[in-house]
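**Student:** Each chain, letter by letter, is given below.
Number of protein chains: 2
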Amino acid sequence: MTDQLDTVFAALADPTRRTILSMLLEDDMAVTDVAEPFEMSLAGISKHLAILAGAGLITQEKRGRVKWCKLEPDAMRAASIWMQGFGQFEPVNLDAFERFLEAELRGAPTAPSETARQGD
Amino acid sequence: MTDQLDTVFAALADPTRRTILSMLLEDDMAVTDVAEPFEMSLAGISKHLAILAGAGLITQEKRGRVKWCKLEPDAMRAASIWMQGFGQFEPVNLDAFERFLEAELRGAPTAPSETARQGD
DNA sequence: AGTATATTCAACCATCCGGTTGACGATTGA
DNA sequence: TCAATCGTCAACCGGATGGTTGAATATACT
Numbered sequence: 205m206t207d208q209l210d211t212v213f214a215a216l217a218d219p220t221r222r223t224i225l226s227m228l229l230e231d232d233m234a235v236t237d238v239a240e241p242f243e244m245s246l247a248g249i250s251k252h253l254a255i256l257a258g259a260g261l262i263t264q265e266k267r268g269r270v271k272w273c274k275l276e277p278d279a280m281r282a283a284s285i286w287m288q289g290f291g292q293f294e295p296v297n298l299d300a301f302e303r304f305l306e307a308e309l310r311g312a313p314t315a316p317s318e319t320a321r322q323g324d
Numbered sequence: 205m206t207d208q209l210d211t212v213f214a215a216l217a218d219p220t221r222r223t224i225l226s227m228l229l230e231d232d233m234a235v236t237d238v239a240e241p242f243e244m245s246l247a248g249i250s251k252h253l254a255i256l257a258g259a260g261l262i263t264q265e266k267r268g269r270v271k272w273c274k275l276e277p278d279a280m281r282a283a284s285i286w287m288q289g290f291g292q293f294e295p296v297n298l299d300a301f302e303r304f305l306e307a308e309l310r311g312a313p314t315a316p317s318e319t320a321r322q323g324d
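Listed in order, the protein sequences are those of chains A and B.
Heads up: the first sequence runs through residues 205 to 324, numbered per the numbering used here.
Heads up: the second sequence runs through residues 205 to 324, numbered per the numbering used here.
It cannot be assumed that every hint is accurate.
Sample of chain B residues at the chain A side, in silico, Cβ under 10 Å [to be verified]:
1) Gln264
2) Trp272
3) Pro277
4) Arg281
Calculated Cβ distances over 12 Å to all of chain A for the following chain B residues [what the hints assert, rightly or not]:
5) Asp207
6) Asp210
7) Thr211
8) Lys251
9) Gly268
10) Ser284
Just so you know, these hints were derived from the structure itself, not from any lab.
C-beta: ideal position from N, C-alpha, C; glycine also.
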């Protein structure tokens, strides 16, 4: 019964999952490769991917023993239209978007780049 | 530490809260009036409003003993831009938005219209 | 003053969520 | 065949979430 908007927004509410989505913007990735930059167990990432898949934001195709993850941006369409209806924000400001991505990928606590590698 | 995107998306993930936001599109409302159509305790609605306020999606101003809730659509801007970056969805399709709103307000399980419909 | 209205607080409950570890099935390859 | 790799499953944990009820606070009305 949970609306599509429910699952999409809920999936996007987690910074790890948003980071994964932005990683997948560049290319399809195997689960292990998605997990590699994170300081989290593979099973944890696997769960996040399942949530993203459940929301339709990615699809996963198994070839051999490797499961490939592919971004499905169309799943955001409904949610995006819903939001735009409120603010009528300027359409598709790619500059702003890239700034966001950079900030998330670099500075975010879940970001894969230069986190304090504690307990490793 | 939780990102603004975290709180905004999390706030939007709940259908009751989305319905409240669309109600506030038409006008500012008192807490009691917001709660009236819902099959939920006033305290429950009050909590939802607090979450919306925490995400910046609404502001609440107390005049007398009435607390007025006002939509703050700008709080969606960052999240909206983030999403648009993925799909580059057609800009501001108001028709689609109104269809969404109608569907949510009428058919959704949390929709305020037909209060008797609960025990399915 | 006394009562009604508007809203929140506090405690409580069940469930979900994000994460872990360890075992497991499946596939690859030496 | 045996071992390594890929990924999920199951059980568990602590903390957040969504909801309730009942008391408390603040304002308004008569």
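**Student:** Of all the hints numbered above, which does this structure not satisfy? Sort the numbers upward.
**Tutor:** 1, 2, 5, 6, 7 and 10
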